[in-house]
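Visitor: Residue numbers (this note's numbering), protein chains in the order written: chain R, 1 to 301; chain D, 1 to 301.
Since the hints were made in silico from the structure, they are not lab data. Don't be surprised by glycine CBs; every beta carbon is placed ideally from N, CA and C. Check the hints yourself; a few may be wrong.
Cut-off 27 Å, straight-line C-alpha distance, at most; resulting in silico cross-link-like pairs (DSS-like, lysine-lysine) [as the list claims (entries may be wrong)]: (1) Lys203/D with Lys94/R; (2) Lys130/R with Lys243/R; (3) Lys102/D with Lys2/D; (4) Lys177/D with Lys203/D; (5) Lys102/D with Lys102/R; (6) Lys258/D with Lys243/D; (7) Lys243/R with Lys243/D; (8) Lys243/R with Lys178/R; (9) Lys102/R with Lys94/D; (10) Lys130/R with Lys2/R; (11) Lys130/D with Lys203/D; (12) Lys54/R with Lys203/R; (13) Lys180/D with Lys162/D; (14) Lys152/R with Lys177/R; (15) Lys152/D with Lys94/R; (16) Lys2/D with Lys180/D; (17) Lys102/R with Lys243/D; (18) Lys297/R with Lys243/R.
Footprint (simulated), chain D over chain R, 3 or more residues, beta carbon under 8 Å [stated by the list, open to error]: (19) 4-18; (20) 24-32; (21) 87-99.
There are 2 protein chains.
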Amino acid sequence: MKLTILGCYSATPRTFTNPTSQVLEINNHIFLIDCGEGTQVALRRNKVKFSRIKHIFISHLHGDHFFGLIGLVSTFRLLGRDTPLHIYGPQGIKEAITLQLKLSNSWTDFPLHFHELTHTGPEIIFEDEKVTVQTIPLQHRVYCNGFLFREKPGERQLVLSKVQNYDIDIAYYRSIKKGKDVVLENGEVIPNSELTLDPRPVKSYAFCSDTRYDEAKIEQIKEVTVLYHESTFLESHKHLCAKTGHSSAIEAATIAQKANVGTLILGHYSTRYENIEIFKDEANTVFDHVEVADDGKVFEF
Amino acid sequence: MKLTILGCYSATPRTFTNPTSQVLEINNHIFLIDCGEGTQVALRRNKVKFSRIKHIFISHLHGDHFFGLIGLVSTFRLLGRDTPLHIYGPQGIKEAITLQLKLSNSWTDFPLHFHELTHTGPEIIFEDEKVTVQTIPLQHRVYCNGFLFREKPGERQLVLSKVQNYDIDIAYYRSIKKGKDVVLENGEVIPNSELTLDPRPVKSYAFCSDTRYDEAKIEQIKEVTVLYHESTFLESHKHLCAKTGHSSAIEAATIAQKANVGTLILGHYSTRYENIEIFKDEANTVFDHVEVADDGKVFEF
Chain R
1 MKLTILGCYS ATPRTFTNPT SQVLEINNHI FLIDCGEGTQ VALRRNKVKF SRIKHIFISH
61 LHGDHFFGLI GLVSTFRLLG RDTPLHIYGP QGIKEAITLQ LKLSNSWTDF PLHFHELTHT
121 GPEIIFEDEK VTVQTIPLQH RVYCNGFLFR EKPGERQLVL SKVQNYDIDI AYYRSIKKGK
181 DVVLENGEVI PNSELTLDPR PVKSYAFCSD TRYDEAKIEQ IKEVTVLYHE STFLESHKHL
241 CAKTGHSSAI EAATIAQKAN VGTLILGHYS TRYENIEIFK DEANTVFDHV EVADDGKVFE
301 F
Chain D
1 MKLTILGCYS ATPRTFTNPT SQVLEINNHI FLIDCGEGTQ VALRRNKVKF SRIKHIFISH
61 LHGDHFFGLI GLVSTFRLLG RDTPLHIYGP QGIKEAITLQ LKLSNSWTDF PLHFHELTHT
121 GPEIIFEDEK VTVQTIPLQH RVYCNGFLFR EKPGERQLVL SKVQNYDIDI AYYRSIKKGK
181 DVVLENGEVI PNSELTLDPR PVKSYAFCSD TRYDEAKIEQ IKEVTVLYHE STFLESHKHL
241 CAKTGHSSAI EAATIAQKAN VGTLILGHYS TRYENIEIFK DEANTVFDHV EVADDGKVFE
301 F
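Start from the sequences, fold in the hints, and give me the full structure.
Guide: As structure tokens, then:
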């Protein structure tokens with residue numbers, strides 16, 4: 001599981017910082033999450049192959065999470081894309097994008113599928129044999145979802161030495177990995193548990209930006225491998241959290257601690273701060289495993 | 001008259017090149033012309049004060065001229081702007097911007113005036129005591145206007161030595177500059193022509209992007225101080241001009257030569273070319289006074 005931060009600052013793009021966008025690689029999928037202005041340039045800078053992006057998830061329709069989408073869709077068109085693109089986001093996203101495509105007389109040649117979100121509870125919005133993506137309802141100033149990406153459990157892991165001990169033919173390996181017992185030629189039954197180990201633990205990633213402090217989501221994100229949680233403010237400005245619908249570093253860490261996640265990544269910093277390491281310092285007073293996102297940073301888990 | 005090129009490449013923004021946007025300073029006005037994605041960052045990089053921009057002119061609604069506008073408007077709002085902003089552009093521009101402001105629940109606190117253009121002939125769209133701005137109808141794949149910025153003639157220039165010779169009181173200087181003759185105390189009339197020189201020549205700037213080769217505009221832009229004319233293609237790709245509604249460097253130079261302009265600035269280069277100096281070489285075969293635009297370049301006239 002690999003996470004590339006294209007942008008992780010709030011509000012407006014600046015010369016050296018980008019608004020929210022990130023790329024999650026999980027089980028051979030490349031998921032683009034949020035798409036602030038300048039995302040297409042950040043994708044180029046971080047050498048993400050445009051053609052591998054098939055699913056884009058937009059948390060909410062504030063500009064710093066969304067204004068780069070129309071440009072990216074248009075560039076896909078100019079590059080001659082023909083594979084389908086799926087866009088998941090709040091109701092209204094389809095009208096905003098299609099209106100601009102219409103006005104520029106530039107309808108895409110590739111299939112463009114919008115999946116407009118309106119539910120206020122968690123909802124599975126993508127699923128295949130390897131991964132599920134579920135919305136995480138967030139509390140912000142406008143309708144807003146986080147996204148929970150979770151691998152599906154893989155097959156059981158074959159213990160090769162054991163299987164070879166019993167001289168089991170390779171033709172049975174597939175069914176053993178699926179959990180089947182084996183009946184030897186002499187009628188002896190070898191229980192699956194003797195031949196395999198549990199599947200490797202599934203990895204999961206919860207993206208939560210933007211949101212005020214809200215414990216309602218804790219149950220849903222319990223024990224995820226990685227939680228990205230916005231931390232717009234430091235303690236010095238925590239009085240702004242309620243009004244703006246954002247969280248402080250300590251609030252993000254409190255969610256991480258209560259949900260017992262593996263690692264917390266902080267981001268969505270207010271551009272008023274020069275030094276983002278202080279976010280980590282403050283979060284560490286509550287939770288140990290804290291990383292700070294920064295534009296261009298890559299996390300592998 | 002000062003022109004700052006924020007971006008001058010066609011199609012899509014890239015790591016080191018920006019789509020079309022430029023800032024024209026003329027008679028204390030700061031006019032923003034076109035606004036491709038990333039324009040707000042380019043404005044910061046070129047240290048243009050956001051608050052001085054009061055008028056934005058959009059040639060057409062293709063993304064590389066327009067997709068940065070919503071982000072800039074939103075940033076004005078976030079910066080607490082309260083002065084009015086005037087946006088001039090093709091019909092539809094108001095719906096595209098206001099829909100996105102509505103979806104993000106971020107209506108501006110400052111007055112936002114849209115001036116939607118539909119005329120197919122030249123039209124004066126801005127005028128004050130110092131400057132006029134007129135549309136230049138262009139031939140592109142969608143409805144598109146260039147813009148002609150022209151100073152109004154200033155006052156006549158006082159020849160101080162002459163005025164002092166006649167011992168004329170300073171109280172009369174203003175009326176002399178406006179062209180009035182002076183009657184001395186002894187009744188003698190001093191004709192204005194003896195006391196003043198003609199006003200300094202007015203400067204003018206014609207912005208023409210995007211357009212196929214079209215001589216119809218020549219009369220309108222005759223003898224402008226500076227013509228910016230798109231030159232998307234070199235001779236090697238001139239067969240693409242008609243289909244895409246663009247011009248070659250030689251076509252741009254031909255317009256400049258026939259309109260007898262002071263200086264031609266080339267831009268809107270296709271991103272297929274590595275070396276933009278070749279545009280100048282080709283244009284120079286037809287017209288002498290050629291400059292090549294490039295991102296961050298400043299021209300003073």
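Visitor: Lys297/R and Lys243/R were given as a pair; does the straight-line alpha-carbon distance stay at or below 27 Å?
Guide: violated, 30 Å
Visitor: Holds or violated: the stretch 4-18 of chain R covered by chain D, criterion of 3 or more residues with Cβ-Cβ distance under 8 Å?
Guide: holds (count 5)
Visitor: Are Lys130/D and Lys203/D close enough, with their CA atoms no more than 27 Å apart?
Guide: holds, 11 Å
Visitor: Take a quick look at whether Lys152/R and Lys177/R sit within 27 Å of each other, Cα to Cα.
Guide: The given pair, whose Cα atoms are some 15 Å apart, holds under the 27 Å limit.
Visitor: Are Lys102/R and Lys94/D close enough, with their CA atoms no more than 27 Å apart?
Guide: The given pair, whose Cα atoms are some 14 Å apart, holds under the 27 Å limit.
Visitor: Below or equal to 27 Å on CA atoms is what counts here, so check Lys54/R against Lys203/R.
Guide: holds, 21 Å
Visitor: Quick check: the stretch 24-32 of chain R, covered by chain D? Criterion 3+ residues, Cβ under 8 Å.
Guide: violated (count 0)
Visitor: Take the C-alpha atoms of Lys102/D and Lys2/D, compute the straight-line distance between them, and say whether it is at most 27 Å.
Guide: violated, 36 Å
Visitor: Given the hinted pair Lys258/D and Lys243/D, is their Cα-Cα distance within 27 Å?
Guide: Distance ~24 Å between Lys258/D and Lys243/D Cα, so the pair holds.
Visitor: If you draw a straight line from the CA of Lys102/D to the CA of Lys102/R, is it 27 Å or shorter?
Guide: Roughly 19 Å separates the two Cα atoms, so the pair holds.
Visitor: Decide if the proposed pair is consistent with the structure: Lys203/D and Lys94/R, CA atoms, cutoff 27 Å inclusive.
Guide: violated, 45 Å
Visitor: Are there at least three residues in the stretch 87-99 of chain R whose beta carbon sits under 8 Å from a beta carbon of chain D?
Guide: With 6 residues in contact (Cβ-Cβ under 8 Å with chain D), the coverage given for the stretch 87-99 of chain R holds.
Violated hints, in rising order: 1, 2, 3, 7, 8, 15, 16, 18 and 20; the structure is consistent with all others.
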